[in-house]
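The listed protein sequences derive, respectively, from chains A and B.
According to full-length UniProt numbering, the first sequence is numbered sequentially starting from 1.
According to full-length UniProt numbering, the second sequence is numbered sequentially starting from 1.
Read the hints as simulated data drawn from the structure, not as lab findings.
Be aware that a few hints might be false.
For identical chains, the list gives no copy identity; a pair is met inside one copy or between any two copies.
The calculated DSSO-like cross-link candidates involving lysine-lysine, where the alpha carbons are at most 27 Å apart (straight line), are [claimed, not checked]:
| hint | residue 1 | residue 2 |
| --- | --- | --- |
| 1 | K250 | K318 |
| 2 | K52 | K298 |
| 3 | K331 | K78 |
| 4 | K230 | K189 |
| 5 | K28 | K274 |
| 6 | K323 | K247 |
| 7 | K274 | K250 |
| 8 | K78 | K314 |
| 9 | K78 | K298 |
| 10 | K314 | K331 |
| 11 | K140 | K274 |
| 12 | K247 | K331 |
| 13 | K148 | K248 |
| 14 | K250 | K230 |
One-letter residues, chain by chain:
Protein chains: 2
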Amino acid sequence: MIKWLDGAAIDQDVVVSTRIRVARNLSKYKFPLFMDPKEADGLTNDILDTMKDVLKDNYRFIRTRDLPSMDQEVFVEKHLISPNMIEHMDKSSFLLRDDEKATIMINEEDHLRIQTLFSGFNLEEGWRLCSLIDDLLDEKLDYAYDEKWGYLTSCPTNVGTGLRASVMLHLPCISMTGNINTIIEALRKIGLTARGLYGEGSEVTAYLYQISNQTTLGESEEEIIDKLNKVVHQIINRERSIRNYLKKEKNLEMEDRIYRSYGIISNSRILSSKEAMEHLSNIRLGWAMGILNHENFKDIMELMIDIQPANIQKNFGKDMNIKERDIARAKIIREFILDLEG
Amino acid sequence: MIKWLDGAAIDQDVVVSTRIRVARNLSKYKFPLFMDPKEADGLTNDILDTMKDVLKDNYRFIRTRDLPSMDQEVFVEKHLISPNMIEHMDKSSFLLRDDEKATIMINEEDHLRIQTLFSGFNLEEGWRLCSLIDDLLDEKLDYAYDEKWGYLTSCPTNVGTGLRASVMLHLPCISMTGNINTIIEALRKIGLTARGLYGEGSEVTAYLYQISNQTTLGESEEEIIDKLNKVVHQIINRERSIRNYLKKEKNLEMEDRIYRSYGIISNSRILSSKEAMEHLSNIRLGWAMGILNHENFKDIMELMIDIQPANIQKNFGKDMNIKERDIARAKIIREFILDLEG
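The following block holds chain A by itself, in its conformation from the complex (with noise of 0.2 Å):
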C-alpha cells in the first residue's frame, strides 16, 4: 500500500505524480555538512519541539538511522525520502504525514526539506499543502533569510526560493517517435530539466520523466510553478496528439506491443526490473489508451514500486540477492495480474 498515490490523479494517463519540496535552514545553526551528528540531534530537537505545537495533523518521527538498512531503501524507494538522507543518517531524520502526502526531513543537505507528494498532476494543491507547512514553521523557526538572496541554503543550487517543483511525465509516444531528445534539450533552454524516476543521476526507465525546475533564483515560487504548469501541459498534449494517431493509424501495432507485455508479465518466471518495468510502462500506456481495459491497471505506478529491489525484499521478509529478486519480482507481478482477472 503506498498511500500517497491515493485520491483522484487529474491527467493521469499521462501525469503519474506531482512533488514540490522547499530547502529551508535556520539561521543560528550550521549548515548539516558541518555539524557532528551530536550538534544535529540538537537541532533535530529543537525543530521537534517548535513542531509539536504547530503541525496539526498526525506525523510520524522517524530517525533514519534507527531503521533497518532494508526500510530506508523503501523509504527512498516509495519516493518518501530522498537518498541523501541514508547518505546522512547519522544526523537525519523526518517527519511523515499520515496520508504520505507531507515529509520534513531534516538535516538532509539543509535543515529542513519540506516535499508534498500528490498522485496525478496537482502543482496547486502540492503547492498550497507546502507552503502551509513552510508558514506554520516559519511562524516559530528563525530561517535563514536574505533580502537580496531569499532562502539560504547549502547547495547554491537552491539559494533563492528553495523550491523544486516536479511533476513525473510517463512519456512512451514521444519517445517510442524520436522527439524526446528535443524536448529534453528545449526544457534545459527554459531552466527546466527532466530525470529518471528517482530524480537526479537515476536513470530513466519505462519512459517515465521527472520535470521540474532547475533553477531557483530570480524568479518567485508562483512564476517557476506556473511556468512548470504550462510546460506540463504543451507536453502532455504532444504525448496525447501521438498516442491518438498511434491509436488511428496504428492500433494493431499497439495492441501487439501492449498485449505482449500483458502475456510476459502474466507468465514469466524471472524477470530483471529493467524488463519489468519496460512491460509495465507497456501496460500502463495500454490502460491509457484504452487497450486495456480493466480499471486496476491505473494502480501500475504502485507495483512499479512494489518490484524496487527494497520493496522485493521487504515484502518477501528476508534479504535476496538478484536472482532470488528477478524470480521474486516475476511472482510479485504474476500476482497482481490474477487478482486482477479474479
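For this one, chain A is given, so just place chain B on it according to the hints.
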C-alpha cells in the same frame, strides 16, 4: 484437420513423425524429365488403369495442375506431396489414401514415388505399408530393375533401394546445449543426414530435424531402416537425458522460457512465421517435459502446419500478403489457445 497425424504416436515426446518413400520407374517409359506432358499423361493413365485393380483402399486421384496454386502449396505444407510435384505440375499427379498416411506420386522426379507418413516414431509400420503398396504395384507394373544396381531412378542418389526413410525429431535441448552440430557431423559419417521441416534445402526451424538415410546403394532396405532406427533411438535418449537434467537443475529457467512463449503466443497480434515456430517449439517442449499440462498441446505439430503461409490463406479463403498473414497467424494461434483454455 491433418489426418495423417492421427493415431497412437510412439516416442512422441521427441519424435514428430516418420516418413518412408520409395522411388520406382517403369522400364518401358523415359524418365519424367524427358517426357512431354502428353507422354506423361499416357503414363499416368496406364498407371491408373493398373492401380484400379490393385489398390483396395480408398484413394483420391488429383492432377497437380488441376489444383489452384494455393491448394498445391497446402498439400506440400501438410507433407502430403513433395515441392517437386509443383515444379513438374504439367506432368505430375498423385493418389492420396483417405487417411493421408499414403501418397502415390506420379511423375515427380521418378515415375512413381510411394510415400507413407505416420505420427511419432514408426519406421516399422511406415515401411510395412510402403512395402505392401510397392509389392501390389510391382505385380502389375514392369519396374525398371537391374540385378547389379537395383531399382533404377532418375537421380543416381536414389539408385539401389530407391528408399528414403526419415524421422522428424524435435531436438530443442540438444540444440540449446550446443551439441547438435556434433550430432549432424556424426550422422553424415555413417550415411545419414539432417534436414529442416520441409526437407532438402529447407531451413531448420523450431528445432525440428528430419533425419534420413543419404545413401540408397549397397545396403538392403532392412539395413537402412535398422541403422536409422538405432541412431534415432540414441538421439532420442540424448535429448531425453538433457531434458531430465534441465528439469532437475534448471527447472525455473525452463518454466520461464516456456511460459514466456505461452504468454507471447496467447497475446500477440502480429506473429512472423519464424517467431511463431520458435514459440511453438517451446510449447511442444513444455508439453513433453510436463511443464504445460494440457493434453491438447500434443497437437502443436498440426498448429505448426496450420500457420504455414498457404494453409493460413486456405483457412481464410483468400490471398494474403506477409503482413496480413502475420496478423492471421497470431489470430489462429490465439484461437487455438482460447480453445484449450475452454
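Now the hints, each set against the structure:
1. K250 with K318: between (45 Å within a copy, 23 Å between copies)
2. K52 with K298: neither (37 Å within a copy, 70 Å between copies)
3. K331 with K78: within (20 Å within a copy, 40 Å between copies)
4. K230 with K189: within (15 Å within a copy, 75 Å between copies)
5. K28 with K274: This pair counts as neither: shortest intra-copy Cα distance 46 Å, inter-copy 71 Å.
6. K323 with K247: Close across copies (18 Å), not inside one copy (37 Å); limit 27 Å.
7. K274 with K250: both (26 Å within a copy, 23 Å between copies)
8. K78 with K314: Only inside one copy: K78 and K314 sit 12 Å apart there, 54 Å across copies, limit 27 Å.
9. K78 with K298: within (17 Å within a copy, 47 Å between copies)
10. K314 with K331: within (14 Å within a copy, 41 Å between copies)
11. K140 with K274: Classified as neither: same-chain Cα gap 46 Å, cross-chain 71 Å, threshold 27 Å.
12. K247 with K331: between (31 Å within a copy, 20 Å between copies)
13. K148 with K248: For K148 and K248, the Cα distance exceeds 27 Å both inside one copy (54 Å) and across copies (72 Å).
14. K250 with K230: neither (29 Å within a copy, 53 Å between copies)
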